[in-house]
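Next come the chains, spelled out residue by residue.
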Amino acid sequence: MFHLGLRDNRRPIVYKKRFMKKVYHYNFILLSVFLILFACDNSFEPSGSNFVVVEPPREPLTTIELSLQDTLGLIVVDDQMVISYNIDVGDLRLYEVHVYLDSALIHTGFDAQDEFYYDPNLYEDGLYLLRIEFATSSGSGSLGDTFGAEGFIVYHEWGLINVTNLAPLPIQISDIHPENGQLRITWESYPRLNFLKYEVKNRVESHRVNQSVGMIYSPMDTTYIDPYYVGGTIRYSVDIHTNSHVQAGIEYTFSSPQPNVSSIEKLSTSSTRVSWTKCNYPSNFGKYFLSVQNFNQAFTNINDTSAVITHLPFGNAVYGALSTYPRLYPMYPQYQTDVEMSVWAGDYLGVSADKVDYIPANDLVYLSRKFRIYLFDNSTMELQTSRVSEDLLGVDVSANGDYVVAHSDENVFILDPLTLETLQTIQLQAICGYEPSIQALSVSDTGVLFCAAFPSSNSDQREVLAIDLSGPTLLDRSGMNSPLFEPGEMSITANGEWLVHDYDTFRFDGQALSIYRNNVNAIYLTFLANGNQFVYRDPFNNTISVKNLSNLSVSMTKSIEGPMSASIDPVTGYFGIHAINNGLYKIFDLSTGALLNEFPVNIMWDDRIALFDNKVFSETGFIRQAFDQ
Amino acid sequence: MKYFNIILFLCCSSVVNGDDPSESLHFNLYYGQITHLNGESLNEFEQMIKSVYQDMAIPLEIVQSFPATPMLQYQVTRSFGNMKVGSFYAHNATGGRLHYADYSGSATVDHIMDNTYFGVNFQYRFLHTAHMRVFQSNQAGILQSNFEVTEKIKIWDQETSERTSFESTAYFMEPGLELDIVFLKVIHLGGYVGAKLFIYSLPYHLPNNKDAKLATGYKDYVKPDWIEANIALKIGVSLGKSP
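So the sequences go chain by chain: A and B.
Converting from the first sequence to my numbering requires adding 2 to each position, the first position being numbered 1.
Converting from the second sequence to my numbering requires adding 29 to each position, the first position being numbered 1.
Hints are not guaranteed to be accurate.
Stated by the list, open to error - Taking CB as the label site, the calculated pair distances span:
| # | chain 1 | residue 1 | chain 2 | residue 2 | range |
| --- | --- | --- | --- | --- | --- |
| 1 | B | Ser190 | A | Asn88 | 37 to 43 Å |
| 2 | B | Lys239 | A | Leu107 | 50 to 56 Å |
| 3 | A | Asp43 | B | Thr193 | 20 to 26 Å |
| 4 | B | Lys239 | A | Asn88 | 32 to 38 Å |
| 5 | A | Asn88 | B | Asn67 | 54 to 60 Å |
| 6 | B | Thr193 | A | Glu135 | 35 to 41 Å |
| 7 | A | Asp43 | B | Asp249 | 32 to 38 Å |
| 8 | A | Phe53 | B | Thr193 | 21 to 27 Å |
Quick caveat, the hints were computed from the structure, so don't treat them as lab data.
Just so you know, even glycine gets a beta-carbon here, dropped at the ideal spot from N, CA and C.
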């Protein structure tokens with residue numbers, strides 16, 4: 003509009019009027035303002051930027067330390083444990099740590115120093131890849147770094163050998179068999195990785211506990227050759243050792259004959275031959291060793307399987323041992339295999355007795371001890387009869403064999419000399435007038451019984467009664483006294499004139515008793531057959547003495563060390579003594595004092611050896627000839 | 030907003046429409062620059078945002094801070110001798126930006142302040158010639174301010190954005206001088222210079238919760254506390270008898 007006005011200079015008035023009309027036109031004004039308002043816009047939009055050039059991130063230098071020691075990148079986990087790690091990412095931020103075992107995520111952490119529990123039993127044995135993977139910031143300082151949208155994924159890897167440590171199953175032995183003179187044991191191999199060692203154990207029959215005989219450290223080595231086995235029953239087991247368990251193996255028994263005594267052949271009264279079987283394991287064989295009493299001999303030749311043993315002791319069985327030693331015995335003495343044996347000198351009667359009553363007239367021998375009495379034929383030493391009963395506390399036989407008496411605590415029994423049956427029972431209380439406790443008795447050829455008894459109500463008193471068995475009637479009594487010693491043995495001469503009881507001596511004239519004090523403690527009493535002397539042991543002086551009955555004087559005394567028993571053969575008059583210190587039994591001629599014979603004995607200190615009719619009889623039931631006449 | 034202004038102006042024009050031969054009616058349009066002076070709480074708010082981000086290791090920088098921006102004002106007055114009395118409606122928007130960017134992405138905090146003024150004005154003509162008049166102008170009115178903060182973070186191809194709006198009300202007075210040159214008796218061209226002084230202002234708060242106030246510290250509320258310097262050009266028309 004303004005342009006039109008400026009161009010038409012020649013008609014300004016007309017132009018002005020037209021223009022004013024338009025200006026005054028209200029709608030035109032509104033239209034103009036409307037257009038202007040449309041052109042005006044004062045809205046605001048912020049602008050500007052602050053772009054910063056940031057260095058791109060560089061590869062971070064990170065390190066990680068495990069609590070486990072690794073060898074060439076391999077770590078072994080064989081027990082439940084807490085594995086800790088320490089991650090050093092320098093100035094970077096650590097966002098998250100993942101621990102993988104192969105592809106399995108086993109731990110998630112957020113700290114540079116953290117730990118996790120590892121149980122090897124949750125996985126199978128084998129090689130795994132342990133991977134610790136973590137995210138770090140980039141360190142560039144960029145916005146992406148600040149907001150954690152920019153960083154690095156870093157990982158470290160180790161080879162992990164997982165070894166489960168569950169309790170192993172017992173190892174089973176698959177085979178035991180002899181091989182090349184030894185014994186081979188084979189078992190099933192242990193399949194798991196926590197193997198530490200096999201421990202081979204065995205237990206020979208004579209041992210109660212297992213012994214370790216070998217350690218094997220290779221799981222594939224499943225055999226063991228026993229270099230010690232020489233025979234017998236043996237039990238093997240293989241224990242398995244892991245790093246956390248020891249599992250005992252199952253016991254398997256193997257048995258093979260061991261060298262055994264096959265025969266004991268008596269060569270004389272004091273020698274015998276012992277033979278044994280040969281060892282079946284020559285590679286392991288070391289030696290046989292035979293030990294009997296003082297006989298000790300080694301046999302290194304496997305074929306030497308017999309030995310003669312001499313100077314065997316009389317009086318008791320000797321227990322020897324045949325031992326077979328493996329070649330490596332000095333290192334493992336427990337591998338000795340012993341075979342015990344019993345050898346002895348003389349003949350074994352099979353009975354034991356501490357009192358011998360030899361009746362030359364009848365050629366009979368009565369052997370007795372508490373509760374039992376045996377009757378043997380002296381010529382053949384065959385048992386004729388015997389009696390065993392609880393009321394036989396003591397027995398005596400008259401020298402002529404006519405009277406056999408026994409006693410219980412209160413009664414006296416008259417026995418049949420051949421059948422040993424009770425012919426008559428004598429209640430002593432009716433004779434002595436009090437309730438008695440019978441201590442000892444002895445009977446003479448004349449039928450007079452001497453009985454030592456005391457009131458059961460007072461054991462400190464004692465008396466000797468002389469009783470005529472035909473009555474029975476009381477002939478005399480010594481009267482109560484109080485002995486200084488415990489009452490011991492009682493012995494009487496054949497004619498009944500002299501009676502020796504402990505440390506008192508009595509003389510009997512057929513009606514009355516006279517007392518003589520011995521003043522010795524006479525034990526192991528034996529009268530000579532002639533009735534003039536008796537022998538006894540004096541324990542106070544360590545002597546064996548012979549005393550004359552006529553005047554009670556000592557006719558001979560022998561001092562011995564450690565005296566044991568002494569006896570006189572009523573037939574031959576030989577005098578035998580047993581001294582324990584040298585282990586010999588010596589036989590003397592009583593009249594000359596000459597040593598007639600001696601031989602080793604092996605009896606206990608309280609044993610009694612009796613002489614009769616040139617026979618030596620031990621308390622333990624052995625009999626031998628006393629002297630080769 | 031633009032359409033709202035147009036509609037408002039049309040309504041006002043309708044009200045004052047009429048052939049009033051005795052008095053003149055003036056329709057003025059001002060377009061100029063508003064400069065915010067001494068906006069202390071707004072500056073503190075920007076610094077607070079900057080320090081918060083820097084604490085997160087994001088070195089935001091203030092790249093734009095409430096620049097001088099255009100203002101559009103509509104005024105209708107009626108002359109009574111040397112006096113003019115009327116009303117006005119004005120709008121202005123400004124704001125700022127805190128920004129950081131590198132190869133990995135960017136962080137942007139934009140804030141836009143949208144101000145709407147309305148009120149009454151009084152003008153006194155103290156100098157005039159045949160074609161020029163000089164007025165002393167006084168305005169009193171209400172400011173409705175909307176403050177919108179948009180945080181936008183973009184990392185690689187991931188982008189997050191969060192927008193928060195606050196609003197405030199303030200009361201102001203604005204003295205100024207206006208030069209008016211008349212062309213063809215009805216066309217008025219001129220200029221205007223004024224300074225807007227806020228005599229009372231409320232803190233910015235969430236639109237639906239007046240207790241949720243925007244603050245930079247304990248009871249340090251952000252509010253319209255600036256001084257506006259206003260330089261504008263004017264175009265207007267007069268209807269009716271010219272004074």
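- Query: Of the hints stated earlier, which fail here?
  - Reply: Of the numbered hints, just 4 does not hold.
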